[in-house]
Structures are given as structure tokens and as C-alpha cells.
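**Q** Chains as they are written, first to last, in numbering that gives the first Met the number 0: chain A, 0 to 375; chain B, 0 to 506; chain C, 0 to 341.
It is possible that some hints are incorrect.
[Stated by the list, open to error] Here's a subset of chain C near chain A, in silico, CB distances under 7 angstroms, partners left out:
1) Met185
2) Gln213
3) His302
Read the hints as simulated data drawn from the structure, not as lab findings.
All residues carry an ideal CB built from backbone N, CA and C; glycine is no exception.
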Amino acid sequence: MKTLEKPVQQHQKPTGKDGGSFIKSLVRNQIFIPIAALLILVIFNLVADPSFFAITLSQNSAGYPILSGNLINILDNASELVILAIGMTLVTSASGGQDISVGAAIALSGSVVLRVLCGTESRPETLQAPIIVAFLVCCLVAMIFGAFNGALVAYFKIQPMVATLILFTAGRSIAAWINNNELPIISEASFGYFGNFIPGIPVPTPIFIAVLCMIIIALVLRFTKLGLFTQSVGINSESSRLNGINPEFIKFITYVILGLCVAIAGFIKVSRFSTINYSVVAKDIEMDAILAVALGGNALSGGKFNMAASVLGAYVIQFLTTTLFKFNVISSALPAYKAVVVIILVVLSAPIVRDKIAAVRKKLSAPRTAVKEANR
Amino acid sequence: MQEEVVLRLEGICKEFPGVKALQDVEFTLRKGEIHALMGENGAGKSTLIKVLTGVYQKDGGNIFLSGKPVAIRSTQDAQNAGISTVYQEITLCPNLSVAENMFIGRTKSIFTNWKKMNEEAKKLLGSLDIPAKPNQQLGSCSIAVQQMVAIARAVDMDCKVLILDEPTSSLDEQEVEKLFKLMLDLKKRGVGIIFVTHFLDQVYAVCDKITVLRDGRFEGEYDAAELPKVELVSKMLGKDLNALSDMEKPAAVSDEENGGAPVFEASGLESTAGIAPFDFNIRKGEVNGFTGLLGSGRSESVRAIYGADKVLGGTVKMDGREVKIKKPLDAMKLGISYLPEDRKRDGIVGDLSVKENIILALQVMKGMFHPISRADAAKFADEYIKLLEIKTASPDTPIKSLSGGNQQKVILARWLLANPVYLILDEPTRGIDVGTKLEIQKLVLKLASEGRSVTFISSEIDEMLNVCSRLIVMRDRKAVGELSGSDLNQNKIMETIAGGEKVHENA
Amino acid sequence: MKIKKILGTVLSLAIAASMFSACGAKPDSDSGETTAAADGGAPAASTSGELIKVGIINNDPNESGYRTANDKDMKDTFTEANGYKASFAYSLKNDEQIAAAQKFVQDEVDYLLISAAGTSGWDSVLKDAQAAGIKVILFDRTIDADDSLYEASIVSDMAQEGQTAVDWLISQNLSEYKIVHIQGVMGGAPQIGRTGALEAQVAANDNWSFVTQQTAEWNAETAQQIVQSVIDSGESFNVVYAENDDMAKGAVAALDKANISHGVGKDVIIMGFDCNKWALEELLAGNWNYDGQCNPFQASYIHDIIQNLEKGTAPSEKVIIMEEQGFDATKITKEDIEKYGI
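Produce the complete structure using the sequences and hints provided.
**A** Right, dumping it as C-alpha cells:
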């Protein structure tokens, strides 16, 4: 096609050196919203009480050194949500819907861990199985339930929210049934390491687990084309099929991956207190996980996603929760505060609003640029 | 002739990130005029239409309706101002009746007088000679009739300016005729019509004036009667047409030179799309094609070859060896590529970048766990953007923001990158400007000369004759004939399509 | 296309809603069948010798250890051996419970036993029951309805529970009470009762104050986060008043992490409610100081009332308050744990 010499406009990449266009591209970038939200929260806390950010090295009651402070708590407590947000992002991207059963599935996988480690006793002196076995069984069960959701969505073409509603309603009951309605407690101290501290290491273990999950998903996205395939299926399933992708399988596998995330999150949850309460553990976490995806600027209708933005979104949610605890908001008003903040964030993250922001910025900076150019 | 100007655009500018889509464009439409808006892909036709209909906000310039400046900020504004648009894709509700579609969203009261509505619809359909019944479900009408209903709706809304955006691209010739008759009717009533199309012949059949855009700029306004076709094309391309004259003598590749087993051979192939079992083969370096009217089963045939629809029966051989093609990936791994007919639905992955769209097929063939490195992906993308002259702000621009023709080139790039031995191109030139059409035809012949086999499908018989050395003619989902050599001429094809009836010499 | 989409959404919402109610208020399957069989017979009131049909509406037994114990107690009491045909429906949602009650009325049970999730909205269904000659007995939770609509109400007096706990706290004679108050889900009777007494006491005494007062929604982890937040802000406190055992456990985890001593004779007094076995063991070990009982064993009270009603004797009091006590870590015994632990 070299015969026709047309003026070709290509490769007009934003140069990046120009400050204005850098900020513009940042505003347009998906990750802008969670970063901006985080900044707002940080500034708010800095102004209100700088000691919010203090981190101290102290000892816990067992005499081991630990780091404590709000920042550590945020990182620690956000771990499960971050791990779920990873899986939820993939599910959202591929199937254009969300899995609302993750909270119930956490109760379920946690219950499996208890069952394997405690056997039929409710308070055994010794573990009935190695911890790793419990973890693997828990992964397997959670992935099977993920596969169940995935099969309903991918092969039976049921809307994700309806498909996962089944487990959402039944999950916690199944969790209770697995342990005959008992709430076993694990007395083995080493089991608690995964949800608390490993003696001698001052950083909470869940932070390491969450970071590990982030690294793994980063590597997966870097060294496989899971991301490309998932997005492709989410954007145009028929087109993907004609390009040789198996859209059903991709959708299915994202639910299985989410199942694995659920297992890890559930395992941390059990480890935190060496037991769980089926009815309240990880309550409403599915909504937080979906919110994390949305805060990351990812379309809940599927398609393109930005994993880092989702993860950041999860941290923003925990940051907000901790901030609200810190400022001792009246209990009955807590949901209202959270709702207001969430509304603002979600509205801000809507593309239409971001375009408006960019347009306003452009208008503001236009005279300045003109002056700059005139000076040249 | 009294020239009452209905619509005047002056100095219209529109910019997208990285691309100046419209620069200082003007346009004038008079009462009772059919005015063609011409230009290559990316020339700014669609953008101009979208500015006019309030889909986009213009960055500069003025719009005058009957001499008065108007501000159009939304599609609603445009409608209220009397500007109606009928798009290529039908935007009505197929599951409502014809009458309902004509009046939906327009009645002011919450109650509908069904009887009255149906009567009015009947009157209007009758006066415009549209062959549809008011209470018929719209989805059961042909695409052409659906389009006419859309036009009738627009007309009844008292529009002064009617925009027809590529209305003929999915119509067969008879349907086009009917549409033209309707357009001429409306012209008599004093409606100004803006006609956007790629078909040069159609422009000359109905239009009074032609405005040409090139690269987002206004090239000129001409009387159709005074602008020869060749000159129009050269205005659109902005150069003399040596390239075009080359194409008028196509160098067809004959298949007889290539002996041995066919590259691809199917017998009794049958799919869920409901085509009769058919036999088919293609040799190395051959370009052949399926022809027939729209809906004759030509697309379904190639889809069966590629495994895009579920294959029900038949045997398939490649290079003489029997193979199984159950799904697209099987075909891809055997070196078959398929450029689908419906670019938007089956081709592009809209939100992904040009680069990702280009590497997609190759990546799928390599598998999820063997990613193409970023450097390679960038290299491939650059290479094909240059080779096919794809107009894009950058390789990272989402493909959906490209114009139709450039999207098509990206998809073509995707399949060329997959390095196929056998390439199936289903309507690769639909909705594409003349210049690119020729380039694609040339490319097809070049691929054939490199020893690849190509199956080419197009609604334009001229184009088929330019590139194909053998044509399989389809009618009513059945292969009814095969033409090659001296039989390859327009009349013979028409005859075969029509089922043996002689075609009048002036056809 | 748009219309199709909207229809699809509406349809799926409808399905979702129906699934919610279906799965939420699931009647116990075994007893459901027996009820259906009994329906076939004459709808006459039961006579002696026949089994007494009872419909039991309870909160989800998975909600807490308390509820599990309560449900087990009910199931152990209302057996065929004791002369009952029992049907169960569980839900944590008031509207689902009311729907289940309506179903039991239609099924013409003899007695309707209700542990209501919420206090309002019960009037009409109770009137229906009365019209159908069904006797209603409330247990565990009261409702806002005229007391002529039910025969008896066997409840824990949550306010009394709170008062008992506060009285115990007063008896500790601290010079200053700086309290971390962790509340349950706002608006429920246990939260209101257990909060009320404490708030009154704090309001009336200058040396009593709240360091923080927030809801952890019965969740151990949230409680831990709240207490952590208090510790991180450097405020000192000497009492943790958690409205259930789980939340007390969460608070203790935060204290352990910050190396703040707690329990008998230590820096921080730990108070919980519900008397889970494991919680009472913490008391026995001296890690906690107080646990308030919330007696889940109402079944025997109900059984007595029904037997009397069958003989024609109405209970002398409409509201029957169960005996409940608070346990002090310094006085608790192993026998107490066995007897009162749930």
C-alpha cells in the first residue's frame, strides 16, 4: 500500500515533557481517581491530626517486636479486600458482571479450614491435619465453588449477579453445616501467624500475603496474555471467538481465579482469630470488592481493566474505614458518611466527569500556554 | 431555479486528541436538493454529520438554518431544529410495529390512539409508496423497508434536512432503486437531503451537488452534472489517478499454472447457518470469490470454511490431507485467516488499542502463555501501520476511535500478521473509500502472487471481477454455478444469479 | 434492544427478589412435609392425644452461638416424643419472617412461636392468627404490638442485662471509668438494652466517660480495628465494654498486639455478653473480667405455657422474664461453664 502517498498522521504521542499534557494524561488515566482519593484522605488526615501517620515499633503481649500505627493497620486490614479485588477485576472484565457471593464464599472456605484442622472436635488440643493440607483443601473447595459460578455464567449464560446470588444466599448456611453449626477454635499458635504476626517479624503477615498476591498477578499479567484475552472477551466476545479465543473458557477461568482469591482471603480471616463467625465474617465484603473495582475506574460492564487501580481502590476503602474509626463517627451515622464519600468518589470516577475536569483544566491552562508560545 | 438555502455550515472545526478531524469546513444545502457528501475514510464525513446532529460539540464555526444561527448541543436540539438522520445501522425497535416505530416517543399524551396512529401511518406509507403495513412487526421487514420506515418517520417529523448516512451499503440493487425513488419524492416536497455514500454510481444517479472533504478540510462544492467521475475520485484522493487506471487492467492470476492438490478443499460442507452442503476448493496463489445477492449464503459459506458457525458435516482437506476444523482456532492453526463481514460486531475489539488489535490473532495462535514481547508487538504494529497507511494518533489509540476504513485496515493487518496460507476476506471494502478499495484489491493480488490463496467476497461485482479468477455464484443459500475465464463478466454473473434469465444489454 | 435490556433487568431483579425470600425464609424441610401431610386432614383444632402443631419462626441459627444454642434447645424440646409437630422458618429479615408467619397461619398451626428480627410490622399477621384461632407466643425478642395479640412473651430483659453489667462495673470502684464501648448492630433490642444502662450511667457520673463509642456490628475483626484505632491515637482507657463475646475477643486481640494488659487485676477490664463457653473459659483464666448471660433456653418455658394453655390455663403474666446473671471472673467455676456456657 505504498503507492498512495497520503499525509499520514501517526505517532503523535503525548510528549510527556510538557507539564500540561502530562497532567492531562494523568487526569484521563484510570488510576487518577484512586490516587486522587488517596491524596484527599491523606491531606485530610494530615490537617486534622498528623499523628495519624505515626508508626511505632513496640512489643506485643508475647514480647515480640511489632510495628503499629494507623498506616500499618490500613495495610493489614485491607489485605483480604485487595486479594478479592484482584479476582473481582478479572471477573468483571471478562463477564461484564460481578460475583456477589465472595463474602459467603469466604465464610465457606474458612469453615473448610476449621473443619480440616479440627476434625469433628470443636476445640481440639492438637491439629488434626497439617496447616498446608487445610489450605490446599480450602483452595480446592473455593475453586470448585468458583467453577460453579463460572459455569453458570459462562456456559449457561446466566447474568453474573443472578448466578452468584445462589451462593450468596446459601454460602453461609453451607459454612455452618460443614461444621455442624459449631464454631471450632484452633488452639495451635502457629496457625495464627498467617493472620497476625510471625514471631520476630514486626510486619503483619497479611501484608506479605497481599503483596505476594499482587506480585503474582503482576507476573501473570506480564508474562501471560490473560489480561489481553480477558479484556478482549469482555469487550467483544464474538470478535474474540472468531480470533480463536474461547470466550466461555476465559469467563469460566476468571471465576475459578476469583475462587482462589477467596480461599486465600478466607484463610487469612480464619487465621486472624483462629476461628470465624459464619454469619458476620467478611460481611458485605463483596460490595467493598466491587466498589474497589469501580473506584479503580474500571467499567463494571466489563472490558478494559487496570489492576493497579483496583488494588489502590481497595486500599482507599480501608483508608476511609480506618479514618472514620479514628474520628469516632457516631455509630448510627457511619454508613451515611461512608455513602457520601463513596458517592463522591464514584461520580468523580465516571468518565463523563473526568472529561469535564479535563476540559475545564484545558480552558484554564489555554491562556497560559498561549502566553508561553508567544514568548518563544 | 430558485436557490433557497436551508442549511449552511461555516468554518466548522473539531479536534480529537492527536487528530484535527475538521478544519474550517463549509457546507451548503438548498431546498429540494440532494447533496452528496464525499470523501475518503477519515476525511471527516462522519465527524461533520455528528457535529450537525449534536452527537459531537463543534470546537469552532457556525451553523445556520434558513439563515438563522442555531446552537446544536444535543441530538434533541438537532431534531427540534428539523435535522433528521437515518443511519446505516437501523436505530428503530425491531420488535415493535411499523406504525409504533414511526410514532414512538413523539406522541405528547400518555394515551395512544392506536386506530388513528395506524391510519396516519398507512397514509404516510402510501404517499411515500413504502411497501409495509402499519401493524407489521418492523423486524419482519427487509432492511431496505426498515430504512424507509426510518425515513418516513423523519419526514413526518417535519424535517427540513434529512441526513442519510450510508443508507445503501446493506441494500441490494432493487432496494437501492426503491430508496432512490423515495429520495426523489422527498426532493419534490422540498426536503434537503445530505447523502453520504461510497458508491460513486449512486451519487451520479440521484445527486444534484457534491461536496468533497479531504483530510478534514473542505475541498470544494460541485455540480454533479459537471464533475466527471474520474475527477471526483481525484478530488477525493487529492491527486491524479494513475493508480486508478492501473487497476482498470487487473492482472488476474490464473490457477492453471499451479498444479498439485488444492490448498483447501471441502466437500459436502454444511453448517448450522442453514446453507445447503457445498463443495469448494482453492489452489495455491488463486483468488476466487463467492458472489450472489445479500443473504444468498456467501458469508455463511466462508464462515463454514473457517469454523465460525458450527460445522454439521462434510470433509475438509488441506494440501490433500484430511483435517478437522471445528472452531476458528483450528482453522487459524492450519493457516486460514478470516476477515469477517461485520467489522463492528465480529472484527474489532473496540476498547483495545490498535496495537493490541493487530497482534491479537497471532497472540492467540501462540497461546496465552507465550506472550509476544512488548518490543515485538510495537514493531509489528509500526510495521503494519506504515505498510497499510493506517491513520491513527498512535498505536495505543483505541481502535474504536478510528474511522471505519482504518479499522478495516487494522483487522487486515491482524490477519496478515498471522501469515496465512489461505485468507478469506468477506466484504473487506465495505464502507471504505475508493482509494483504499483499490489498495486492498492490489494487496489481494500481491498476496496471491506471493503464493497465498485468497477468497474474496464483495457486493460490488466490479471489484470481484478485478481480483477474482473464479467465482462461485450463490442463490438462496445454494451454490448455483461457477464461472471462470471468459465467463467472468457482469452479464454472465447477473444471469447466473438470476437463474439463467438473460440480462438486458443496458444492465 | 433497549427495551429488551430493561425487561431483562426487571426480570432478573424479580428472580433475585424471589430467590431472596425463598432462600431466606426456608422452612425446615422435614417438618415442612409433615405439616403438609397434616393439612390434608380436618382443619379442626387439636385434641389431646393428637400432636400439637407449632410453627416456629426464628433468626438464622448461624447468626451467633447464642442463636445456635437457642435453636438446638427448641428442636430438642418440640419433638414428637414430647407431643409436637414442629415446623421451622429462619430469617434475619423481618419481612421474610412475617411472610413465613403468614404461611404458618395458612397452614393452620396451633401455636405460632416467634423470635422477631425487628419490632414493627407484625400487627396484621398476628390479627390473622388470632382470627384463625392460632395462639401466639413470643420468645427472645419483643415486638411493638398490642399485647392482646399474643399469649405470652418470654424474653431476656436486655435492659436488665445491661443494668446487671453496669452494676457489676460500679462495684469495681474504679476512681475513673474511661470506657471503650463497642456496640452491636444498631437498632436491635440487645444493642439498645446493653447500651442504654451504660449511657445512663456515663451521663450521670462525672468520673465515667466514653473514650469511644462505635458499632462493630457484632464482628470481631471490626472491633479489633476500632480498638486499634483508639490505641494508635494514644488515648488511654481502662474498660472495654463489648456488647457480645466476639467483639470482646476482637478488642482483646488489639490489646495483646499493643501489649496492654487486661483481665483480673490488670490495666483494662474486659466485659462481654452471651456467655459462650470459650468466653467463660477466658474468664476462668482471668483474661476477661465479666460476661453477661443472655439466656437462650426459652423452650422449657414455652413448653410449660403450651401445656397449661392446652389445659385451659392462661399464663398469669404476659411478659415472662428469664433468669439471667452476670459472671465475674473471680467467682466463676468450671461447673458454671458447663451449665451456662453455650
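**Q** So, for every hint listed, does it hold in this structure?
**A** Cross-check of the supplied hints:
1. The beta carbon of Met185/C is positioned within 7 angstroms of a beta carbon in chain A (closest approach about 5 angstroms), and the interface hint is therefore held.
2. For Gln213/C, the shortest C-beta to C-beta distance to chain A is roughly 5 angstroms, which falls under 7 angstroms, so the interface hint holds.
3. Look at His302/C: its Cβ only gets to about 22 angstroms from chain A, farther than 7 angstroms, so that hint breaks.
This entry does not satisfy hint 3, going by the numbered hints stated previously; all others are met.
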